[in-house]
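Chemist: We have chain A; now place chain B onto it with these hints.
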Amino acid sequence: MSIIQVNQISKRFGSTQAVNDVSFEVQPGEIFGLLGPNGAGKTTAIRIILDIFKADSGSVSVFGGPMTSEKLNRIGYLPEERGLYQDVPVDRCLNFLALLKGMEKAKAEARITEFLKRFDLYEAHKKKVKELSKGMQQKAQLIATLVHDPDLVIIDEPFSALDPVNTQMVKDLLIEERNKGKCIVMCTHQMAQVEQLCDRLILIDHGSVVLSGSLADIRRQFASRDVLVRSETTLPQDLAGVQAIEAHNGRVKLVLSEETTPQQVLAELVQRGIMLEEFEIAVPSLDEIFIKVVSREEPDNG
Amino acid sequence: MDKFWQIVKHEYTKHVFNKRFIWTVLGMPLAIIGMIGLVLLIGLFVVDRSPIGYVDPAGVITPEAINQLEGNFFEPVLPMLAFETQEEADAQLRKDEIQAYIVLAADFEASRDARVYYTGNLGSEANGQIYQVLQSSSFSDKNIPNLTRINEGTNYLLQAADGSRQMRNDEWANFVLPFVMGIVFMIVVMTSGGYLLQAVVEEKENRTMEIMVTSVSPMQLMAGKIVGNLAVGLTQLLIWVLFLWLGLTIAGKFFPFAAHLNLSSEYMLISIALMLPAFVFVAAMMATLGATVTESREAQQVSGLFTLPVMLPYYFFSTFLTNPNGPIARFLSYFPMSAPLATTIRMAFTVVPTWEILMIFGILIVFSIFTVWLAGRAFRLGMLSYGKKISFRQIFKKEVSRV
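Protein sequences appear in the order of chains A and B.
Those letters in the first sequence? Residues 1 to 302, by the numbering used here.
Those letters in the second sequence? Residues 1 to 403, by the numbering used here.
Keep in mind the hints are simulated off the structure, nothing from the lab.
Each hint should be verified, as a subset may be incorrect.
To be verified - Derived pair list, reagent style DSBU-like, types lysine-lysine, alpha-carbon separation capped at 30 Å:
hint: 1; chain 1: B; residue 1: 3; chain 2: A; residue 2: 117
hint: 2; chain 1: B; residue 1: 3; chain 2: A; residue 2: 126
hint: 3; chain 1: B; residue 1: 9; chain 2: A; residue 2: 117
hint: 4; chain 1: A; residue 1: 117; chain 2: A; residue 2: 105
hint: 5; chain 1: A; residue 1: 180; chain 2: A; residue 2: 71
hint: 6; chain 1: A; residue 1: 130; chain 2: B; residue 2: 3
hint: 7; chain 1: B; residue 1: 3; chain 2: A; residue 2: 107
hint: 8; chain 1: B; residue 1: 9; chain 2: A; residue 2: 126
hint: 9; chain 1: A; residue 1: 180; chain 2: B; residue 2: 3
As the list claims (entries may be wrong) - Cβ pair distances, simulated, as ranges:
hint: 10; chain 1: A; residue 1: 135; chain 2: B; residue 2: 265; range: 53 to 61 Å
hint: 11; chain 1: B; residue 1: 246; chain 2: A; residue 2: 113; range: 40 to 48 Å
hint: 12; chain 1: B; residue 1: 20; chain 2: A; residue 2: 134; range: 24 to 32 Å
hint: 13; chain 1: A; residue 1: 287; chain 2: B; residue 2: 20; range: 43 to 51 Å
hint: 14; chain 1: A; residue 1: 179; chain 2: B; residue 2: 305; range: 54 to 62 Å
hint: 15; chain 1: A; residue 1: 104; chain 2: B; residue 2: 370; range: 29 to 37 Å
hint: 16; chain 1: B; residue 1: 29; chain 2: A; residue 2: 134; range: 37 to 45 Å
hint: 17; chain 1: B; residue 1: 19; chain 2: A; residue 2: 134; range: 20 to 28 Å
hint: 18; chain 1: B; residue 1: 309; chain 2: A; residue 2: 128; range: 33 to 41 Å
hint: 19; chain 1: B; residue 1: 29; chain 2: A; residue 2: 128; range: 24 to 32 Å
hint: 20; chain 1: A; residue 1: 219; chain 2: B; residue 2: 20; range: 56 to 64 Å
hint: 21; chain 1: A; residue 1: 128; chain 2: B; residue 2: 305; range: 27 to 35 Å
hint: 22; chain 1: A; residue 1: 104; chain 2: B; residue 2: 19; range: 25 to 33 Å
For each residue, glycine too, the CB sits at the ideal point set by N, CA and C.
If we strip away everything but chain A, and leave its shape as in the complex, we get:
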């Protein structure tokens, strides 16, 4: 059974079509990426799923039906607009939020202590939230999102304000949750994180879905006919089937002609006795796909 099922939702604010006929499904045990440029309609889509907004048309089903207050207890939400009560101590703030998710007091306290220690925040648990650094507040906010062991986690930009060590820790945590069968929907601009974490994704632009599928499918769909090579020796300019040779981040990018396969180029390089340190088929990064898709969309909708 899908955890989230979004069927052709649309939402208009005044003259702006924030979400236009968007559909997708999210399964248990997967990390689902919800991507898109700023103002694409991701947050609106999430707010519709969480029943903060009502869609103009279309339907949303969460845990197999419409949203209820009981279902809210099974959802952890890290909104784009970050916020904790600034004027209260960290542990009291987290306890309050956990109790509002229907947790029992003793259980909430135990889980919060456990998380605070894991997030290296335990030392600061008596400090007021406003006394924490931005990164520490972000960690506290993540604790608030995960403390009640939600079955569905919706997180908007979970890695902003985190240093590399904490980023890795949060990534591990998300993978751990996924492996426990939890469903995670992640909104982010950081494509590197999406590549490492997401099983499937959709890309929204101007309110519409412009790309969807598993990471591997999308990559394949956008695979170019390029090869990346690193070599001590300078490559000859007259390789058969190679249209152009460009420098590419300390490596060389070979742009192949229509009928040439990477195998043929490799065979030729070996045959000509060129010492290769690296030979890689240039799979486009998600960043590149993102930019390509979004800029392609621009003229149509802009």
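Modeler: Showing chain B alone in chain A's frame:
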């Protein structure tokens, strides 16, 4: 329901265990104690305690009359010095040994002619004492029973023909009570309302609204905040009332009037029963306001406007006095914001029919539930527009789904 109580508890403890709250609560009684001290100090220095002289050739002023004088801290009994001649007394007055002297005519019994000589101003204490001494001296040899009581004058008991109401002219507490209740109501509304407003705007400033609405229903949230902050206001009030009671108990030992305050428990009960829903109503209006503005400073400014309709019955006080069942008095007691004050004032001056009290109570409850709903809705809308104002018209539109 459980979440509602969590919010109540959170709102309550957040304020009550805050240093600022403790200072506010203790600051008021401390300020009052300071003021009382100041008044005592002024009393000590301002009252002229020097003696009064008298020249009484006819022997009218008796030692008994002087001994009968009673004084207190602010109105001390001034010593009375007898002089043989006016010249002697005059010499003492010029030396500032006495503050004034009286000269009674030799035929005082018949002429009742007395003259008071003084320099500068004659203090009210001296003036009162002279009058008192002359009066009691005139009758002291006449052996009139209950003289003191006669001097105090007559007490009236006003009684309605149907027996529904009666009033004694010395039961001034009944007139003062609506004022006191009104002030109490205002204090609770303004302090709790202020806290509430802050709590709602804070939700916006801290950007916790989205987390909140994905955890509890806006109505639960608003109701919890209102009840929590009402409890804060009532706590503050309770502490002040305790101080006041303590003060009155102590004052009762010095000032006899404070000892005879007797309040009708029925009156108090109805007043409180009216004030609770009225408070929720005003507080929810404030919360709605808090949800529609973006900054606490702005909210504080506008919240001042709420005092106006609440205080309205005070401006029409004379109308209430002359015609407590007239159209203006009736209208103000039905209008939810002015209802608690207007009804308590009317009750002080007339018999308000039971059906009217029940109706006012009903109006207040309906309005308070409606405004809490409205506040929840405004909150939900307000969260969607951080940094933007929302209009009241929007609150009623269908943009919002679950409240």
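Chemist: Against each hint, give a clear statement of whether it holds in the structure.
Modeler: Going through the hints against the structure:
Distance hint between residue 3 of chain B and residue 117 of chain A is fulfilled; the C-alpha atoms sit about 27 Å from each other, no more than 30 Å. A distance of roughly 24 Å separates the Cα atoms of residue 3 of chain B and residue 126 of chain A; the hinted pair therefore holds under the 30 Å criterion. In summary, the hint linking residue 9 of chain B to residue 117 of chain A is supported, as the alpha carbons are separated by about 27 Å, within the 30 Å threshold. At most 30 Å may separate the alpha-carbon atoms for a hinted pair to count; residue 117 of chain A and residue 105 of chain A meet this at roughly 18 Å.
Of the pairs offered as hints, the one joining residue 180 of chain A and residue 71 of chain A holds, with about 19 Å between alpha carbons and a cut-off of 30 Å not exceeded. The straight-line distance between the Cα atoms of residue 130 of chain A and residue 3 of chain B is roughly 25 Å, inside the 30 Å bound, and the hint therefore holds. At roughly 16 Å between alpha-carbon atoms, residue 3 of chain B and residue 107 of chain A fall within 30 Å of each other, so this suggested pair holds. At roughly 19 Å between alpha-carbon atoms, residue 9 of chain B and residue 126 of chain A fall within 30 Å of each other, so this suggested pair holds.
This hinted pair checks out: residue 180 of chain A and residue 3 of chain B have alpha carbons roughly 28 Å apart, not beyond 30 Å. Taking 53 to 61 Å as the suggested C-beta distance range, the pair residue 135 of chain A and residue 265 of chain B conforms, at roughly 60 Å. Checked against the hint of 40 to 48 Å, the C-beta distance between residue 246 of chain B and residue 113 of chain A comes to roughly 44 Å, which is consistent with it. Hint check: residue 20 of chain B to residue 134 of chain A, Cβ distance near 26 Å, so the stated range 24 to 32 Å holds.
The hint said 43 to 51 Å for the Cβ distance between residue 287 of chain A and residue 20 of chain B, and at roughly 50 Å that hint holds. About 57 Å separates the C-beta atoms of residue 179 of chain A and residue 305 of chain B, a value consistent with the hinted range of 54 to 62 Å. The hinted range of 29 to 37 Å is satisfied by residue 104 of chain A and residue 370 of chain B, whose Cβ atoms lie roughly 35 Å apart. One distance hint, 37 to 45 Å for the beta-carbon pair residue 29 of chain B and residue 134 of chain A, holds here, with the actual separation near 42 Å.
Between residue 19 of chain B and residue 134 of chain A the beta carbon distance is about 26 Å. The supplied range of 20 to 28 Å therefore holds. For residue 309 of chain B and residue 128 of chain A, the Cβ-Cβ distance of about 38 Å falls inside the hinted range of 33 to 41 Å, so the restraint holds. Separation of residue 29 of chain B from residue 128 of chain A is about 29 Å and conforms to the stated range, judged on CB atoms against 24 to 32 Å. For residue 219 of chain A and residue 20 of chain B, the hinted distance range of 56 to 64 Å is satisfied, since their beta carbons lie about 57 Å from each other.
For the pair residue 128 of chain A and residue 305 of chain B, the beta carbons lie near 33 Å from each other, so the given range of 27 to 35 Å is met. The hint said 25 to 33 Å for the Cβ distance between residue 104 of chain A and residue 19 of chain B, and at roughly 31 Å that hint holds.
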